[in-house]
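Turn these sequences into a full structure, and let the hints steer you where they fit.
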Amino acid sequence: MKYLGIELPKPKVAVFGFTGCEGCQLQLANNEQNLKDLFGLIEVVDFRLISSDKLDNFEIAFVEGSITTEHEIQAIKAIRSQAKVLIAMGACACLGGVNNLRARFQIPDIVAEVYGEHKIETGPVRRVADIVPVDLELPGCPISKLEFEWLVRQLILGIEPHFPRYSVCVECKQRINTCVMDMGTLCLGPITMAGCDAVCPRNRAGCWGCRGPVEEANYESLVDVLREHGFTDAQIAERASFFNAFAGVEVLPSLG
Amino acid sequence: MKVTVEESVQIDVEPIARVEGHGNIKIRVEDGRLAECTWEVVETPRFFEKMFQGLSIETAPLLAARVCGICSISHALSSARAIERGLGIEVPEMASKVRLLAKHAETLQSHALHLFFLVAPDLLGVGSAIPLMETHPELISIATQIKGYANKASDLFAGRTSHPMVFTIGGTTQRPRQSQLLQLMVDLEETLPSLWKALEILRCFSLPSFERETEYVSLKGNGNYPFIGGDLISSDGVIKPEDEYRAMTNEYMVDHSTSKFAKLSRESFAVGALARFNNNYSGLHPTAREVAEELGLNPRIDNPYYHNLAQLIECFHVIYESRDLIREIIESTDYEVAAPYEIKACEGVSALEAPRGILYHYYQINKQGLIERADCVIPTGQNHANIQHDLEELVEQMTAEGKDEAEISLLAQMLVRAYDPCISCSVH
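Keeping their order, the protein sequence lines are chains A and B.
Letter by letter, the first sequence follows residues 769 to 1024 of this note's numbering.
Letter by letter, the second sequence follows residues 719 to 1146 of this note's numbering.
I should point out that these hints are in silico values taken from the structure, not numbers from a laboratory.
Even for Gly, the Cβ is constructed at its ideal location relative to N, Cα and C.
One or more hints might be untrue.
Stated by the list, open to error - Rough simulated footprint, nothing fancy, chain A against chain B, three-plus residues with beta-carbon under 8 Å:
{"no.": "1", "segment": "756 to 765"}
{"no.": "2", "segment": "787 to 801"}
{"no.": "3", "segment": "857 to 865"}
{"no.": "4", "segment": "875 to 884"}
This is the structure:
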């Protein structure tokens, strides 16, 4: 990449997947019209999903998925020791994500339900940051390709990335949408960090909080508003627990 | 012609690249005989069947989507449809059309990703599609046009390209606006020439010649090429209603895999584009059938590498059928997209054709509308045993033909890739 003769550094990038669906990795191959420009900005040295070429001299590591086995703990530690910058990517890596729904049960019961007597190694669901220090977290389920491209540009230019400090409601209102709560749909937009262009509310599905909490979220008010709209505590709990985004927020009802 | 037999071959591909998820190929040939050949599935499990327990039916399709980043539309739809069948809900016609269009968008998205970004590098002797951006710009621009259209169609009919949120129990959250449909129609028409160009480019490559007769399982067509629901059929003559999916899959565990394997009439069977092509050829859209005829392809095909060509033919099927469906919606004044329903204790099954093959979801629901039990049988899980048996026969044949280690390794990897395995999905 060269603009007006000025050469930008071209960082060596690797992408890794742990316990997850690979949907975030897949987003990197989306947004086709920018694909060539994006791959012109970085040098991909390890990205198993799309390439059999592999080098271990990466500087930036993007990591998708939760950490659930001893093998994964060792692998993420090795990645950390090589990477100058480690970026957790997506709800599974940043929050535990939907994987955490199994934390309602004991591990032997989980294994027995799916595999019967067969032995399978698994441990508790951990965020990447529970195991190694993480430099940045790229939120969402899945991540937004546009936000990924923006983050890469900031890193190359050496500008500290700032994520939105306002809620999903702001982006939803900018589109002059009717509030989905008034149409009978539960929504966590008021307490969730923006940056997704309110994709779920604008498809009339309500927000599920995949991007994690917005700064200074007013949980009490949200719970009041949701109860006023007739949503039950069980419904609120199920939605707020879905991505494990609001763990430890006591005013929110929790899953039994 | 080279006739010397390699005495000893040792191949460890750990893990294989350009497939979704983590799987290893281990091959040992000693004294010219096959000593070991294993397709190992080493993906870490997520235990979805347990995660579903205790959740409400309305949440199930959203969780189901997360089984797979590539075929999330199929999983969300399977989940909604299994619950709807349990509760006896008749989905409105408009919602069914929107859902089928979403399915077609996913199939095109997934097949295009596979053919152009995962398979094409093998055919052009490179490690990924990245160098092709410089060396084969036309191929990449065709690929981005096709995949770009498929992504736009997914956005419109499913809400986004991965993890759809619009499929509710009873239908969908909305009908796309007229202006959006008209714009998508323009995009679709602009994409058709790219697909025909893709055919011209891809037909020039020759795929490895290797055949192994096997059983093919898919939905059963009735003069159509079904993607959502209906009876199940195998090329060995088994026909069952979708509710009896367990008798069609017979899942079992193997030691070297975190995914279950499956079998039916013999040691293994295949699902996916080639199974659909072999079982339902006559139901293909006339344009797709024309393409198959041009390529000289007729059922039945027993070369697993031809999964790739069956996918290409399906790209034509889904885009031309989408064009017909979008026209029907534009001309329709029907805005009913969701059926009301009442909760009751029940069980429900759904079978549908995900891009990689037939997918089953099952739920047992209690009278509060909470899920008590769930079961998902994944296309790639059904293909694992077939991949294993193909690999064994391939390595034996190639060793006998005197192929060297590097050639065998590449052919083995291309074979696995031809199935377009979705390994994290198969483990789930």
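Status of the hints after comparison with the structure:
{"no.": "1", "hint": "756 to 765", "in the structure": "holds (count 4)"}
{"no.": "2", "hint": "787 to 801", "in the structure": "holds (count 3)"}
{"no.": "3", "hint": "857 to 865", "in the structure": "holds (count 5)"}
{"no.": "4", "hint": "875 to 884", "in the structure": "holds (count 7)"}
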